[in-house]
Each structure stands twice: as structure tokens, then as C-alpha cells.
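Asks: So you can see what is in the structure, the chains are spelled out below.
2 protein chains.
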Amino acid sequence: MQQFFNTQTATLRFIFKWTLLAIPLALLTGSLVALFLWSLDEVTKVRYQHTWLLYLLPLGGILIYFLYKKLGKNSEKGNNLILDEIHTPGGGIPKRMAPLVLATTLITHLFGGSAGREGTAVQMGGSVAAWLGRVFRLEQKDVSIMLMCGIAAGFGAVFGTPITGAIFALEVLIIGTLTFHAMIPCLVASFLADVVCAAWGIHHTKYSISSHDFQPIASYLHVDVWLLLKVIVAGACFGLTSRLFAVLTYQIKLQSNKLIPIPWLIPAIGGCIVIGFCFALGTTDYTGLGVSGPHENSVNIVNAFHAGGADTWSWLWKLLFTAITLGMGFKGGEVTPLFFMGAALGNTLAILFGTPVDLMAGLGFIAVFAGATNTPLACTIMGVELFGGEYLVYYALACFNAYIFSGKMGIYSSQRSTSGKIL
Amino acid sequence: MQQFFNTQTATLRFIFKWTLLAIPLALLTGSLVALFLWSLDEVTKVRYQHTWLLYLLPLGGILIYFLYKKLGKNSEKGNNLILDEIHTPGGGIPKRMAPLVLATTLITHLFGGSAGREGTAVQMGGSVAAWLGRVFRLEQKDVSIMLMCGIAAGFGAVFGTPITGAIFALEVLIIGTLTFHAMIPCLVASFLADVVCAAWGIHHTKYSISSHDFQPIASYLHVDVWLLLKVIVAGACFGLTSRLFAVLTYQIKLQSNKLIPIPWLIPAIGGCIVIGFCFALGTTDYTGLGVSGPHENSVNIVNAFHAGGADTWSWLWKLLFTAITLGMGFKGGEVTPLFFMGAALGNTLAILFGTPVDLMAGLGFIAVFAGATNTPLACTIMGVELFGGEYLVYYALACFNAYIFSGKMGIYSSQRSTSGKIL
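Order-wise, the sequence lines are chains W and L. Mapping to this note's numbering: the first sequence position 156 is 156, numbers consecutive. Mapping to this note's numbering: the second sequence position 90 is 1090, numbers consecutive.
Wrong hints could be hidden among the right ones.
[What the hints assert, rightly or not] Under the rule of at most 35 Å between Cα atoms (straight-line distance), these lysine-lysine pairs were calculated in the DSBU-like manner:
hint: 1; chain 1: L; residue 1: K1230; chain 2: W; residue 2: K17
hint: 2; chain 1: L; residue 1: K1206; chain 2: W; residue 2: K206
hint: 3; chain 1: W; residue 1: K230; chain 2: L; residue 2: K1206
hint: 4; chain 1: L; residue 1: K1141; chain 2: W; residue 2: K141
hint: 5; chain 1: W; residue 1: K408; chain 2: L; residue 2: K1017
Treat the hints as calculated values from the structure; they're not laboratory data.
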């Protein structure tokens, strides 16, 4: 009986402690993410109005380089620094990470670099969490949980998907393994941060997959077997796309550091290449975030959910634009561009396979991300949070298949791995 | 490039191999589960028609005892034997486990013992998987994956929830940790077994939680904070119920083995106690499976989703009936009775808290099970598969809260544990 009360009191204390710690974390992170999403929106509007801003992209890159050189300390390592600190607490995460990544992501987007949001949100969350950890003098094991809460809060708030945020924070640390001890703290932090962000009036883009009446090949089957096989093949394609993106970004970073001896020239040249690509393709659809576009018919994530909303190779162009932007020193996340690649590839495959476009775009949206970050479970859950639960079995098949086909590397070099993805 | 092809070929080979292995497993397990569910239904109908069968419950218990004593070998260890074999392959799982557990579960249900289905389905799946492993001469690491596939197939087919089945198989092995290497094989096996079972014409009970219009306390909040807090408190209650059930079942088994020197007397006395309880309460609502009942107003899982469908202490009565039935030697699973306890307790709490009855019943349904088996993630997913994705955040909060409040024990003694549920 005594033991019963002891464990229950410990559990209650655990919940109270982490709820109390999650409140300031969520207030700060949620507000920062709201500020970030609002300014990202403003910056993107300005870019749509002043298309000449694209020509300044190389200068923006140089500015980012010097901002990090002068002020960055170790914060340039970004998401990887947060993962490292959770695995082996050491140098700490500087407060300046938050404003720096916020400012440089906005610079990237103002001038039309192709980048995302989650890296920025996660780094702001991590930076706030590390600072709060110092303020409250948390012990080391609690600092790890706090940093995971920071990831969860940033991720949950930036996409409006709190459960995905929490599971992402647990899943991203080690490839193929998940532990639950920090689930409740992460869930509370992610949930509150999302509420705070929404309370600032931020709305997230709504995606939807409509209900389709599938024809089972036989009356006694309650699934469409052909669709299922096509989803499995598509899952492999999504995983190979993740792999291509991760390898290409890595190689671009490696080679440009080798071949271009003056470091600030790297982002300048990267900016020039992006401009060149825009001219060659005759469109700026692959610059910026890509959730929506300046005009009705531009290729973007929202349109990729409809037939004709993306071209056959749109996914590849977005992949190249993003690999160059992020591989050559600009800032921002990878996830929204991964959504773009996935949705656009899903669009292409849907036409090829004769399957519903919105379903395939939605599967690509979550599965390319699953493969690149090695977080198939969080992405399956994201499917439910964004598109509803009806297609759960397809989400799971696409995400886990993408995960095993995406190779070991992924976009986070500080992710650990205990064993292979398959035995 | 060579390496690229090597890993992709290995992944393809992995998928083909496990799809091929999953086909016979799913055909056999899905068919056995279909047979089981059909005969369970028949047996329950017979019991409704011939209420005097309850008086033979003690004799049924004695029959079960001697069946296992004469024919059982090591198969009486049930689910725990399968978990043990996955952790440390050794004695093997005998083929006879499948027919034995099928027959004894039917005996339990024919005479009105309070038990479930998942244990039976999982043991049939595990037994088939072990046998196929020997037929195909699988190496040891593949036998482990095959057994996990057997669990997934049995679980997925018996409840019609394939994704839950796959995640359950990964999650049940070690408390608080999950690895993904067997996810694709488990997903394929679970999915196919569900298809096979459905192809035999088996229908699963449909549950639903209707859409509720919640009033956020302030216009800028997109959640109902009060409801959320009530769900968190309810989650703790669900977890404590799981704990009570696990401890009580364990103690009943321990004490009856200590106090009753003649082993076959244990189930006989257990049967008499159940009969006594029925008389004392004046109802047989707490015997059998409890999904539906002999008359419209009986207390059962389906009715617990409506106001007035369960009494204040229904959850406790079902808990006692089941702890006695399973603790004193009858066979069957624990999960359906756990659903019952959870849904009934949810019903009671909904009236106490003034929250929607169907939502709280649904949360109890999954959360008491999550706490007792230490599989909060599978149960969260089960919420999506059974009730839809709308209330995902409540599923996750209820299940993970139940999980941390349910103590370390759980109903599977062979579950391993690497660290505490909270740090």
C-alpha cells in the first residue's frame, strides 16, 4: 500500500512538474512561432509584390553567412545541435539561436530561397527550452526532457499538429526506436504551444482528402487490393525521393565547401544558381515556402492536391531548389519543401497509376517527410491530424515503406542508430 | 552506387520475403480467428437461450484444468509464452496451443465465464507462426519476427483493427520502448489476416463517437480546456482501474494456488463464486464477453456508449467477474473485459463530469486496455481505427495518462522493462 502511494505520488508530481515547466515553454515557443509564421506570411507577400527581390538572393546569402559568423557561436549546427545536447549534454544551446534562426529564415524567404519552417520552429523551441532549463536549474536528465519538449512545442505549433509534434520529438532521436518516458511532458508542451500559437490568431492551411468509393475486386474483400499495391509502390518511390534529397543536400554542402574556397561566396553562388534555375524554368513557383502561390495556377502544395496542380517533374525541381538553397548556406527548415516534393510526386504518380489525386498527394506529403527524417510513426499520425483517420492504413503503409526505402542517412546527421532499419 | 543497389535490393528482398511468409500466416490465422469469432457468437447465443448453463461453470472449469493438464505441455503459459519465445527463443511454442486455447475459451464462454478474445487470437496466431517457422526452417532472428507477425495477425483480425495489431505486436514486448524493424512484416500480416477474417463473412461490432460542438472558454482557443482537464483526470482513473485489475487477478491466482491444495478445485470454486455473484447482483450481464447482451437493456459495451447504459459500479463488477474467471483458471483474453470496464467507467465518469457519454466511454474503452497491457500507442491508434480521427488528442492524453498511472505490473508478466515509465 505504501508502495502504491509512493508510485502514484511520484506520477502526480511528474505530471504537475512538467505541466508547470511546459507553461512558460509553450507561452514563449508558441508566441515565437506565431511571430515567425506571421512574419513569414508578410515576407512572402512582399516577395510576391516585388519580384525583383529574387535578384538579391545572393546578397541575402552573404548576409546570413556573416550573421552566423559574427553572432552564431555554435548555433549554426541547428537541429543537430539540439539532438546532440539531448544525447550528450555538453556545450549547451545558446539563447541567440532563436533570434538568429528567425532572422535568417526570414531573409531566406524574403529573397526567394526554397526552404521550410520546422527547422526554425524546432530551433526556437530548443533554444527557449535550454534557456528555461538554466533558469530553473534543472538537472541533466530533466534538461534532456525539456529539450524534447522544446522540439515538440516548436513542431506542434508550427504545423498545428500537437500529437505529431510530441511523437516527432520522441522518434527523431534514434532511428527505428522510440521510448515513451517523455511522452506526457512532450504532449503537454506541444499541445499548449499549439494553443498559444492559435490564440495569437494564426491559422494553418487546411488540406483535405475527400472520401472515395473504392471498388473492391470481390464483394468479400473490404479493401481495394490494387490501390493498396499502388500505395506500396508509391511508398517506395517516396522513400527514394527522401533519399535523393538527403544525399544531394549533403553532397552539395560537401562539394561546395571543397570547391569554393571563400566561404561567403558559397551562399552567393547558391543564390545565383537558384536565380538561374528560375530563368531556365520560367517560373518562381519553386522558390520560397511553396504552401500556396502568388497566382491561382502556380505549382504549390495546396494545388498539388488537385489534378493538374503540379507538373510531372515539379517534385524534382522543388528537390533541386531546396537542396541548393539549404546545402549552400541559407536557413530554414526542410519539412515544408519535403511536403511539396511529396505532394507533387504523389500528384504525378496518381496520374500514372490512375488513383485519386488528393489521396496520393496526401500520402506523398507525409511519406517523403517520413523517409527524410526517419519518423514514420509521427508522419502516420500527422496524416490523421491533417487529413482525418479514414485512410490510416494507407498512411502507415506509405510512411513505413518510405522509411525503409530511404536509406540510413536522413537529413539529421546527429540522429543515432542502434541497428539497421530491417534485420 | 553499388551500395545504393545493395541496400535497395536488400529492402526489396525483405519486403518480398515477409509478404510471402505473411500469406500462409494470414490465411491460417485469419481463418482460425474467423472460426473462433463465429463459434464464440454461436456459443454465446446458446448460453442466452439456456441460462441454466451457468450452473455448469464449475464443471467447465474442471474440464479446462484437465484438458491443459493432459494435453497442454507448456502451452498454458499463453501469451507470456509467446513473449518469452520472442525475447529468448527456447522451448518453442507447441502446435496444440491453437486448438487448446480455442476449445477452452469456448468452454469458458459457453458456461458464462467473464473473459475476452484477444488472448485466444494472439495465441492462435503465435502458434501458427511458430509452426510455420519450423516448416520454413527460419533462422532464429526471423522466428522472432514471425512470432510478432503472429501476434499482429491474431490481434488485427480479432478486432478488425490491422494497424493497432501491428503496433501492439511491437509495443507489447518491452514497456515504454518500441522498435520498428518488424513493422512492415507485422503490418502486412495483420492487414492480410484482417482481410481473410472479413472474407469469411465476419463483421465486427461498430462503435461510434458522434461529433460534439464544444464551447471553448474563449474565442481564441480552439479547444475546450475544461473537457481536456476532465479527460486528464479520467485518464488517471482509467490507469488506476487497469492497475487494480492486474493486481487483483495476480493476487487471486497467487492466493488460490496457496489456499486451495487441489488444483482442479480452483476453477470449480471460481465458477461457484461467479454463480454466487450473479445471484447476489441478480444479473448475468457481467458474464461472458459483454460486447452486447441478451436483452436490450443489459449492461454491455455497446450500451455503455449511451447515457443510462451502465450503472455506477458496472465497471467494478466486470472487473471482479473477470479477475475471478481468469485468475482461477478459465481461458480467454483480458482485452474485451478491459474494454467493458473502461467503457462502463467512462459512462460513470461522464455523468459525474458532465461530459459527452460516448466520448468518455470510448476513451475508457481504449485507455483501461492501454494501462493494463502497457501499450498506449497501439490504443491511441485503436481509437482512430474504431472511432475515427476527430478526437485524437483526447485518445493520446487518456491512453498515455492511463499508462503512467497504471503501475509497472500490467497483465503480461513476461513483458520486459528497461527503465521506469517516468524518469
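Asks: Next, verify each hint and record whether it holds.
Replies: Cross-check of the supplied hints:
no.: 1; hint: L:K1230 <-> W:K17; in the structure: holds (19 Å)
no.: 2; hint: L:K1206 <-> W:K206; in the structure: holds (29 Å)
no.: 3; hint: W:K230 <-> L:K1206; in the structure: holds (28 Å)
no.: 4; hint: L:K1141 <-> W:K141; in the structure: holds (34 Å)
no.: 5; hint: W:K408 <-> L:K1017; in the structure: holds (21 Å)
Consistency note: the structure conflicts with none of the earlier hints.
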